[in-house]
Amino acid sequence: MGKLDKHYTALAIWLLSLAAITMLVRAADKPDAKLLQRGEYLANISGCHDCHTVLKMGPNGPEREMTSKLSGHPQALMMPAAPTLPQGPWMGIFSATMTAWAGPWGVSFSRNLTPDKETGLGEWSEEDFLNTIATGRRLGKGRPILPPMPIEALQKSSLEDRRALFAYLQSIPAIKNLVPEPLAPDTPAPGIK
Amino acid sequence: MTLRRIGNLPILAGFCLLLTADPGVIISPPAGTLPLHLAETGLGDAAAVNIFSANRSYSPLYPLWSDGAAKRRWIYLPPGQDIDARQADDWIFPVGTKLWKEFSFGKKVETRYLEKVARGEWRFAAYAWNAGENDAILVPERGAPNCYPIAEGVRHDIPGVADCKTCHEGQGRDIVLGFNALQLSPERDPEAPNAEAWASGMITFTSLVEQKRLDHLNKNLARRAPAIATALATARARASLGYLSANCGGCHNPNNPQASAGMYLKAEIDSRNGAVRMALSTFIGSKSKFQIPGLATGQSYRVLPGHSSQSAIVYRMESRNPYRQMPPLGTKIADRKAVELIRSWIDNDLGATPATP
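Those protein sequence lines, which keep their order, are chains A and B.
Residue numbering for the first sequence follows our numbering, beginning at 1 and increasing consecutively.
Residue numbering for the second sequence follows our numbering, beginning at 194 and increasing consecutively.
Rather than coming from a laboratory, the hints here were simulated on the basis of the structure.
Yeah, the Cβ is synthetic: ideal placement off N, Cα and C, and Gly gets one too.
Careful: at least some of the hints might be erroneous.
[Stated by the list, open to error] With the C-beta cut set under 8 Å, the calculated list includes, among others, these residues of chain B facing chain A:
no., residue
1, Ala355
2, Thr359
3, Cys444
4, Asn448
5, Asn449
6, Ala452
7, Asn514
8, Pro515
9, Tyr516
10, Pro521
Chain B extracted, bound-state conformation (with noise of 0.2 Å):
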C-alpha cells in the first residue's frame, strides 16, 4: 500500500462520520483507481466553483426528480471523437466521455460521475462535498444511506455503485440517462417539473448538430430537435408524457420485459424524421397487475381516463410506502407538483369512461 492510499484512508473515515448518522456505513477503500477528490475528475477547481471550459453544461428538458435537489450537469466528450447519434434515442457515446451530475439541498451534498472507460465500460462513482462546500471527497463503493437532512426525518442517500447500476444499465446499447435528442431541445416544455433555467453557453441538441459532434444523425432530424406531439397533445399531456418518459422510462421499456411489466413509458424517438413516439396503449386503459388498496380486485388500472383514483401509477408515484413506490429508488418524497399534473391529465384531458368498463 502506498502512503499515499494510507493518507486516504483518515480522510475517508472523516468524511463517513461527519456526513453520517447512520452506524451502518461500512468504511471501506473504494475499489479501483477512481480519484479521491472530485477535483481529480478533471471538472474543475475544488470547489466546483470555476468549471473547466471543456467540460460543457446541460439541462434536460425533463428532469428526474431528486427530493427536490438542485442539479448542475456538465459533460466531457474527448475532442475529435463524437457520439453516434444513428440511434435517436439511444446514443453512444466515445471512450473518454466524462458526466457529472451535483446534488444540492440548500448546500452542495453529492455529485455523481460518469466516465466510459473503454467500448461498453463505464465506471460509476459518487463524492460527497464536505461542510465547507470547497471539496468533495470519492464514498466507498456501497454509497452513504441517510447521509443528509432534507426534510423532516428524512435524510438523502447518496447512492452505491450497485444502486447506480440499476437505473442507468439496461437502456439500450449505452448508459447515459437524461441527454439525448429530445431531452437536449432547445424548444423548452413550460409546463415541465422541476425544469430548470437555462443558463447561455449550455449544450443543446442544436449546438451538437451545428458543432458536428453527432455522426450518422439523420438529415431531417438535424433540421429539428424532436418534441413530444401525440394525438393526446395538450399542453398538460405533453408535459405528463415527458415527465413519464424520464422519469420511469429508464426500466419501463422494451429493454427491460419484465421489470417492465410490459408498460412502456419512454418515448420513443424516429431516427428518420424525429417524431416521437409513446406506446399509449400499454398503459392507458390497461388494467394493473398492482392492486390500489381499498379498491375491489380488478378495479385498479395502469392509467384510467378520467379517474386518477383508480390509476395506479397516480398511487405508485404519491406513495412513499417503500415497496410500493415509484421509482423503487432514488426518491424518499414524493413530487407533489407531478403528482398534480398527471392526476390531473387523467382527470381532464383523458376524457372520461366509466368507473367499470
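So here's chain A without its partners, still in its complex pose (with noise of 0.2 Å):
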C-alpha cells in the first residue's frame, strides 16, 4: 500500500467514525420510538384534537382537518362577539372549527400545541409543561388555563404519561399559527381603567 493510499485510508476511517459518533449522539437525542407511539395513542385517546385540531365539513360530514393537527384556532378566522345565550340553563357556545369557546370565562381560543417556535410549543422545555398541568396555568407561573381544557383530568395523568404527551407534540410538524389570546367577560375591572 502506497504512502497516499494510507492517507486515504485513515481519512475514510477518520470520516466513517465522525458519522457513527453522530448518528449515536442524534439517536440519544431522539426520544425513543415507544415514547412517541406512547404519546400519540394518549393525545388520540384523550380528546387533544377535539379542541386543538380544526373541525371542517367534508364530503362524509365533520372531519379533522389533519394536515395542521393540534395547531389550534386559525389565525386567519376572526370571531364575531358571541351571540347571547337564551334563558336557561345554557353556559357556553363554540365555534364550528370546534377551536374558539365562549362561556363565563370569556373567550377562549384552542393554543398551538405544534412545535413552531414563535407561535407554539417550540421553546418550551419539558419542565415548562410539566409545570403547566401541575398548576393549571401557563408556564406554571402565567394566566390560567381555561375551560374547556379538561386540566384537571391532565393532572391525574402519571408523569411517565405526561412526558409521552410533551415528547410527541415537540415531534409533529411544527405550523406557524398565532392563536388570538383569550378574551375576559365583560366584567367591568376594579382599579384604574
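Once you've looked at the hints, go ahead and assemble the two chains, each given alone in its own frame, into the complex.
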C-alpha cells in the first residue's frame, strides 16, 4: 500500500467514525419510538384533537383537518362577538371549528400545540409543560388554563404519560399559527381603567 | 381519626361558611400535620397582639402590592443556626426557620405561614382570622377564594398552597421573598410605593450583620447594605426599578427562562461588593410579544422610553383583565400609585425616543 493510500484509508476511517458518532448522538437526542408511540396514543384517546385540531366539513360530514393537526384556532378566522344565550340552563357556545369557546370565563381559543418556535410550544422545555399541567397556569406562573381544557383530568395522569405526551407534541410538524389571546368576560375591571 | 381531629372539622366548616360567600369552597380537612390554630405555629398569643420575642418583625424596602392590604411580618431563626448569605440575593435559610405575614383590610383577614421543615423542603399555610380577630384558623389546602370584601365588587382570595408555590418556588436556592440584603437595607427609599413605617426593633441587613446571623457574607458587602444605583438612577428610577424587582422579579428572572419571556426585572446583587444590577436591555427599548390592544402590530414595547402608552409593562400593571394583568395572581386591584410612578419614570426620566423607531 502506497503512502497516499494509507492517508486515504486513515481519512476514510476518520470520516466513518465521525458519521457513526454523529448518528449515535442524534439517536441519543431522539426520544425513543415507544415513548412517541405512547404519546401519540394518549393524544388520540384523550381528546386533544377534539379542540386543538380544526373541525371542517368534508364529503362525509365534519372531520378533523389533520394536515394542520394540533395547531389550534386558525389565526385567519376572526370570530364575531359570541351570541347571547337564551334564558335557561345554557352555559357556553363554540365555533364550527371547535377551536373558539365562549362561556362565563369569556372567550378562549384552542392553543397551538405544535413545536413552532414563535407561535407554538417550540421554545417550551419538558419542565415548562409539566409545570403548566401541575399548576393549571401557563408555564406554571402565568394566567390560568381556561375551559374547556380538561386540565384536572390531565393532572391525574402519570408523570410518564405527561412526558410521553410532550415528546409526541414536540415530534409533530411545526405549524406557524398565532392563536389570539383569550378575552375576559364583560365585567368592569376594578381599579384604574 | 382522633377525637381532636373530629372536633376540628366543625370549626373549619364554620370558618368557611362564616368567611366566604363562594359556594365553591370545598370544606376538607387540612393535609399534613399543620396546626389548626395560628397561635400553635409559635407566633404569639391567639390574637397575635403579643408576639413572642424570638419572632422578629421586618419590613421590606419595596413591598409587594396586595390590593392595599396593611401587612405585618415576622421571622423566626432557630438559635445557633444562621442564614447562608454567600449569594447576596439568594439566601439559604436554616431548617426550622418560620415566617409569618399578616394581611389586614381594615381588620385582620389572614396570616400566611412558611416553615422550613428539612433541607430544601418548606410547608405553606394560610390562617383566616375570625370576625372577633382573636383567633385564626387553618385554611383548607385549596385556599378560600372571595372570602372578604375589599372594594366594591371585589373580594380578597386567601391563596391555596398551589398558588403559594407558584410565586415562591423557582426563585433560586430557597423560596423566601422580600427578605434579602437589598430588601432589608436600612437606607429606606422615600419614593418606594406602599413602603411601611418602621418600628423600633425591626430586623435590618445591618442588624443581621451585627448579630452575626449571616454566614459567608463578603466583608465588603457587610460594611454597607446594597442599594439600587444605576446610570438611570434618579430618585424616581430607583423606586421604579425597586418596585419592578419586588413585584415582577419573582417570576421575571433567569431561573424561569420561559415564564420570564427573557425579561429580567429582578435586581441582582453582586455578592462581592453589593453593587445592584438590573438587566435593563431585556426590557428598555425591547419589543413586546404582548400586543397592547388598539396599537398597530409591532408598536408595543416592554418599555419604550418617553412613551408609557406603548409600554406593555404599564398596560399590564394597569389592567385587571384576568388574562392580561400582571402579576397574574395575588391581586385584583391595580396599584394606582405604582402605575403613576412607572409611567412618570418612562415618560420623563428615560428620555423621549421616536414613537416608531
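Q: Using Cβ atoms only, decide whether asparagine 448/B comes closer than 8 Å to chain A, and label the hint accordingly.
A: At 11 Å from the nearest chain A Cβ, asparagine 448/B fails the 8 Å test, so the hint is violated.
Double-check alanine 355/B for me: the hint is only fine if its C-beta lies closer than 8 Å to a C-beta in chain A.
At about 6 Å, which falls below the 8 Å cut-off, the nearest Cβ of chain A leaves the hint on alanine 355/B intact, so it holds.
Using Cβ atoms only, decide whether threonine 359/B comes closer than 8 Å to chain A, and label the hint accordingly. This hint holds: threonine 359/B lies near chain A, its Cβ roughly 6 Å from the closest one there, short of 8 Å.
Hinted contact tyrosine 516/B with chain A - closest CB pair below 8 Å: holds (5 Å)
Double-check cysteine 444/B for me: the hint is only fine if its C-beta lies closer than 8 Å to a C-beta in chain A. holds (5 Å)
Let me know if the C-beta of asparagine 449/B comes in closer than 8 Å to any C-beta of chain A, holds or violated.
With a closest approach of 6 Å, the asparagine 449/B hint holds.
With 8 Å as the cut and Cβ atoms as the points, is proline 515/B at the interface with chain A? holds (6 Å)
Grab the minimum C-beta distance from alanine 452/B to chain A and call the hint holds if it beats 8 Å, violated otherwise. holds (4 Å)
Could you check if proline 521/B really has its C-beta closer than 8 Å to a C-beta on chain A? Where the cut-off is 8 Å and the nearest Cβ of chain A is about 5 Å from proline 521/B, the hint holds.
| said: A closest beta-carbon separation below 8 Å is what the hint needs, so does asparagine 514/B meet it against chain A? | reply: holds (4 Å)
Checked against the numbered hints above, the structure breaks only hint 4 and satisfies the rest.
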